[in-house]
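Per UniProt numbering, the sequence shown runs over residues 1 to 226.
Be careful, since some hints might not be right.
What the hints assert, rightly or not - Simulated restraints, written as ranges between beta carbons of each label pair: (1) 175 to 98: 50 to 58 Å; (2) 71 to 106: 25 to 33 Å; (3) 87 to 172: 54 to 62 Å; (4) 212 to 125: 30 to 38 Å; (5) 162 to 142: 24 to 32 Å; (6) 96 to 134: 22 to 30 Å; (7) 191 to 212: 20 to 28 Å; (8) 149 to 98: 28 to 36 Å; (9) 125 to 102: 32 to 40 Å.
As the list claims (entries may be wrong) - The calculated lysine-lysine pairs, modelled on DSS-like cross-linking and capped at a C-alpha distance of 30 Å, are: (10) 99 to 113; (11) 113 to 141; (12) 113 to 146.
Note that these hints are calculated values from the structure, not bench results. Glycine residues also receive a C-beta, built at the ideal position from the N, C-alpha and C atoms.
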Amino acid sequence: MTQSEEQPHVVVNDRRRIDPETGEVRPPAAEDAPAPASDTAEAEEGGRHAAPEAEVVDAEIDPGPGEPGGDQAAELKAQLDERTADLQRLTAEYANYRKRVERDRELVVNTAKANVAGELLGVLDDIERAGAHGDLTGAFKAVADKLVGALSGTGLEPFGHEGEAFDPSVHEAVQHGTSPDVTGPTVTAVLRRGYRFGERVLRPALVAVTDYEPAAEAASEQQQQD
């Protein structure tokens with residue numbers, strides 16, 4: 001028996017489902033049917049004198065990047081990544097849209113409240129003057145307190161008090177004077193209260209402003225000495 005007859009041959013079966021040459025899906029391989037008894041006996045008899053059978057190795061070969069199966073997988077992954085990016089972008093755009101709609105809705109509501117409150121500032125001035133003259137009593141006072149409380153609950157806030165620093169963004173000076181008793185422009189009298197709604201100034205406060213003047217201090221000291 002020669003060396004070539006004794007050495008078994010190895011046969012590799014390609015079990016890939018996609019044909020690398022055609023790119024088509026292969027049909028499933030049929031199971032080997034059992035051989036008849038007579039054939040089995042003959043095979044056993046002949047096997048004693050036959051050369052060693054070739055060793056059959058079943059292997060699933062992964063398709064490389066250049067093969068049809070690899071190209072298809074890479075294409076599917078690229079499509080999945082693209083769809084995922086589109087979904088994330090749409091989700092972010094929708095979230096921004098909802099925030100913008102909510103912000104616009106809140107702005108419309110606050111603007112409407114501010115407009116209504118602005119129309120009632122004259123009524124609040126009358127209520128304040130009536131209280132200063134002692135005329136705010138009885139049922140009228142109860143109604144006035146409810147009105148002021150309701151407007152304050154919506155965000156209306158009065159400002160303008162004696163002794164605070166003059167701020168031209170919220171104060172309107174209608175009187176001006178000097179005095180050595182102040183260190184800078186100071187509100188010394190409030191002629192009409194101002195109102196704001198949130199950060200929006202509905203009406204500036206009408207005030208009298210007093211500035212510091214050293215000459216006035218010297219004149220005051222001279223009068224005291226005399």
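(message) What's the verdict on residue 99 and residue 113, does the C-alpha distance respect the 30 Å limit or exceed it?
(response) Judged against 30 Å, a Cα distance of about 21 Å means the pair holds.
(request) Go ahead and decide if the range 30 to 38 Å is satisfied by the Cβ distance of residue 212 to residue 125. (result) The hint (30 to 38 Å, Cβ to Cβ) holds, given that residue 212 and residue 125 are roughly 31 Å apart.
(request) Check the following: the C-beta atoms of residue 191 and residue 212 are separated by a distance inside 20 to 28 Å. (result) Check passed, 21 Å falls within 20 to 28 Å.
(message) Within 24 to 32 Å: is that where the Cβ-Cβ distance between residue 162 and residue 142 falls?
(response) Given about 29 Å between the Cβ atoms, the range holds.
(request) Could you see if the CB distance from residue 87 to residue 172 stays within 54 to 62 Å? (result) Between residue 87 and residue 172, where Cβ atoms are some 56 Å apart, the hint holds.
(request) Return holds or violated for the Cβ distance of residue 71 and residue 106 against the range 25 to 33 Å. (result) violated, 53 Å
(request) Return holds or violated for the Cβ distance of residue 175 and residue 98 against the range 50 to 58 Å. (result) holds, 51 Å
(message) Given a hint of 32 to 40 Å, does the C-beta separation of residue 125 and residue 102 actually sit inside it?
(response) holds, 35 Å
(message) 28 to 36 Å was suggested as the range; check whether the CB atoms of residue 149 and residue 98 agree with it.
(response) holds, 34 Å
(request) Sort out whether residue 141 lies within 30 Å of residue 113, counting only the CA atoms. (result) Within the cut-off at roughly 24 Å; holds.
(request) Take the C-alpha atoms of residue 113 and residue 146, compute the straight-line distance between them, and say whether it is at most 30 Å. (result) holds, 17 Å
(message) Quick check on a hinted range of 22 to 30 Å for residue 96 and residue 134, using CB atoms only.
(response) For residue 134 against residue 96, whose Cβ atoms are near 57 Å apart, the range 22 to 30 Å is violated.
Of the numbered hints given earlier, the model fails hints 2, 6; all others are met.
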